[in-house]
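Q: Residue-level listing of the chains:
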Amino acid sequence: MDIFQYLLQGFSVALSFQNLLAAVVGALLGIFVGGLPGLGSVTGVALLLPITFNMDPTTGIIMLAGLYYGTMYGGSYTAILVNIPGESSSITTALDGYPLAKKGLAGKALFTSNMSSFIGGTIGILILTFMGPLLARVGLAFGPPEIAAIILLALCSIGWLFGENPRKGLVSTFIGILLATIGVDMALGQPRFTFGSINLLEGISFVSLVIGMFGFCQIMELMTEKQTIQKDMKKITLRETFLTKSEMKRIVAPSVRTGLLGSFVGILPGAGATTGSMFSYILEKRVGKNRDEMGKGAIEGVAAAEAGNNATAVGAFAPLLSLGIPGSGTTAVLLGGLIMWGLKPGPMLFQQNPDLVWGLISSMYIGNLISLAASFAIIPFLVYFIRIPNSVMIPIIILLCIIGAYTESNNMFDVWLMIAGGVIAFILTIYQYPIAPLLLSFILAPMLEFAVRQSFDISNGDPAIFVRGPITITVLSIIVLFIISPLIIKLFKKNKTIEIKDDDLAG
Amino acid sequence: MGGRIVSILIAIAGAYWAITGWTQHGFWVNKGPGGGFLPVIIGTLTLLLSFPDILKGMKSVVKIERVHIYPIIGALLVIAFSNIFGMMITLGLFMIVWLIVLGKYTIPRAAIIGISTTAIVYVVFKLFLHVPFPTGFMGI
Chain A
1 MDIFQYLLQG FSVALSFQNL LAAVVGALLG IFVGGLPGLG SVTGVALLLP
51 ITFNMDPTTG IIMLAGLYYG TMYGGSYTAI LVNIPGESSS ITTALDGYPL
101 AKKGLAGKAL FTSNMSSFIG GTIGILILTF MGPLLARVGL AFGPPEIAAI
151 ILLALCSIGW LFGENPRKGL VSTFIGILLA TIGVDMALGQ PRFTFGSINL
201 LEGISFVSLV IGMFGFCQIM ELMTEKQTIQ KDMKKITLRE TFLTKSEMKR
251 IVAPSVRTGL LGSFVGILPG AGATTGSMFS YILEKRVGKN RDEMGKGAIE
301 GVAAAEAGNN ATAVGAFAPL LSLGIPGSGT TAVLLGGLIM WGLKPGPMLF
351 QQNPDLVWGL ISSMYIGNLI SLAASFAIIP FLVYFIRIPN SVMIPIIILL
401 CIIGAYTESN NMFDVWLMIA GGVIAFILTI YQYPIAPLLL SFILAPMLEF
451 AVRQSFDISN GDPAIFVRGP ITITVLSIIV LFIISPLIIK LFKKNKTIEI
501 KDDDLAG
Chain B
1001 MGGRIVSILI AIAGAYWAIT GWTQHGFWVN KGPGGGFLPV IIGTLTLLLS
1051 FPDILKGMKS VVKIERVHIY PIIGALLVIA FSNIFGMMIT LGLFMIVWLI
1101 VLGKYTIPRA AIIGISTTAI VYVVFKLFLH VPFPTGFMGI
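Chains as they are written, first to last, in this note's numbering: chain A, 1 to 507; chain B, 1001 to 1140.
For the record, the hints were derived by calculation from the structure and aren't laboratory data. Be a bit skeptical, because a hint or two may be false.
Here are the computed lysine-lysine pairs in the DSS-like style, where the Cα-Cα straight-line distance is at most 25 Å [what the hints assert, rightly or not]:
| no. | chain 1 | residue 1 | chain 2 | residue 2 |
| --- | --- | --- | --- | --- |
| 1 | A | LYS102 | B | LYS1063 |
| 2 | A | LYS296 | B | LYS1059 |
| 3 | A | LYS249 | A | LYS296 |
| 4 | A | LYS102 | A | LYS245 |
| 5 | A | LYS103 | B | LYS1056 |
| 6 | A | LYS103 | A | LYS296 |
| 7 | A | LYS296 | A | LYS102 |
| 8 | A | LYS249 | A | LYS102 |
| 9 | B | LYS1063 | A | LYS296 |
| 10 | A | LYS102 | B | LYS1104 |
| 11 | A | LYS344 | A | LYS289 |
Based on the sequences and whatever the hints tell you, model everything.
A: Here you go:
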């Protein structure tokens, strides 16, 4: 049978009443869970997993998958409306989504988010359908040195790309890395920088940090903002949230390229949707037509982040299904579910359980459409949220911040961390240190440390391992170019100015 | 002056991470990076990059006012009273008091908004998601 026949067979499975219902329920729950600060896709899937045990495995995995990519849709809502990313993968969405909302364009930001989520998700599903097993094997070519090189490239990029001052961007990146080293060193079992606190042995909770640095910091800033209700938001209708033809054109290209990139990031071991959305945002910030506006409220920024994180979420299924290797934290929980159902993810899964694999893949097409429809339907209600005056909005956001931080591990210490994160972010922000690099490097640093250690373990301490493979050489060359290119450009500009001055004097 | 203090604090943090990383966790252990590998490199770079701001100083883009501290005080009070009254009741009271004192709402309006918001949170997080919030002496 060829892929199309498998796909048709899959659709016949996915379109059965119970599987369709499972996809709908999963997607809707995902949108809801994704929108709640503190509860991410991992928690959502983990909470739903026990309920699905009594179901048929295909129905169960369809529901869980629906919930997974549903969270990618929902995570952007609070990021856009109140600057609290519901999902860690929505940090980059908040960078442009919230400024758009402040300009009175929350509806357009939400529309862009939904539309680009759909485009990115669809690209991811198409790639999973036609190239999934092949890509999963490509992913295996990325060993620890390659992963370390790629993360290093990302770390070099984020510091330069965010904010007005690259040096402050780098300092922010470094603070994030330093904070990430707090907790027990997993390789050596040694506590680091815990200051004797038992609560810090597990490290700083990322969710608390995000909620504090985005949400709580935002409240402190809002305290002095007088004008809040956007007058033109008062009568907003669904029609007004639609993007114009030219705006649609502006988001298609970023969505497609970041959808492709996100699918690729998804297959890399350990890289989740957060990494995918971050790489996508970086790519758009480097190559996008409207890159100078990104970070100030550009729909391209929202499109890149959302298409990237949805494509990554789908891409992560490729190594899970074809190799039995989870590509992200959430797919690791899903792997546990598959094993508990008595299934063995890996190359044989496609042959032994075609109904499950192709039913799941086909259900993604349907689930993606359902998520899109549901997301559009709730835009008018969401936009209503932004009409709430600051005097009510501020205590509501404080309440959400406290609940979100507490819910992460049901521990009041995380609320303390959230407040501390908010205060630190506020101080850094007023001195123009960008916060996004800090949070993004906080996610990447443990992955970098782990990959570097693994590389040295493999090479018995020989650093030459980083310049042996073609992938690492290419990525490291890009890093070198990346670092020296601003200096070369500066030098080039200086020479040009001198030449012009000489010409003027001669003239 | 404030900017210089922030830069100095960043520099101190960088130096602390670098020194502790080198002396306590080890830079290179058993032919591989030790626990101090990343802290030493990144701590040193942080220290170096904070010097220009220590020398030049920085200006803040926002003037810090007393109102900026209100959310911190509010959140700290919620933490303090959650173990006494329970988190749900404390959050409800926090909403009502905030709306009356800072929002200048009337008591009935503040009570309606505060109770309804807390009720939504209670249904979603406590009844639906079974989050074990501190319950306090009333057991709610």
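Q: Against each hint, give a clear statement of whether it holds in the structure.
A: Going through the hints against the structure:
1. The hinted pair formed by LYS102/A and LYS1063/B meets the criterion: a straight-line CA distance of about 21 Å does not exceed 25 Å.
2. In summary, the hint linking LYS296/A to LYS1059/B is supported, as the alpha carbons are separated by about 21 Å, within the 25 Å threshold.
3. A C-alpha spacing of about 20 Å is found between LYS249/A and LYS296/A, which places the hinted pair at or below 25 Å, so the restraint holds.
4. As the CA atoms of LYS102/A and LYS245/A are separated by approximately 23 Å, the hinted pair is consistent with the 25 Å bound.
5. Taken as a hint, the LYS103/A and LYS1056/B pair is broken in the structure, with Cα atoms around 34 Å apart against an allowance of 25 Å.
6. For the hint pairing LYS103/A with LYS296/A, the CA-to-CA distance comes to about 10 Å; that is within 25 Å, so the pair holds.
7. Of the supplied pair hints, the one linking LYS296/A and LYS102/A holds, its CA atoms being roughly 10 Å apart against a limit of 25 Å.
8. At roughly 23 Å between alpha-carbon atoms, LYS249/A and LYS102/A fall within 25 Å of each other, so this suggested pair holds.
9. With a C-alpha separation of about 22 Å, the suggested pair LYS1063/B and LYS296/A falls inside the 25 Å cut-off, and the hint holds.
10. Distance hint between LYS102/A and LYS1104/B is fulfilled; the C-alpha atoms sit about 24 Å from each other, no more than 25 Å.
11. Simply put, LYS344/A and LYS289/A have alpha-carbon atoms about 45 Å apart, too far for the 25 Å limit, and the pair is violated.
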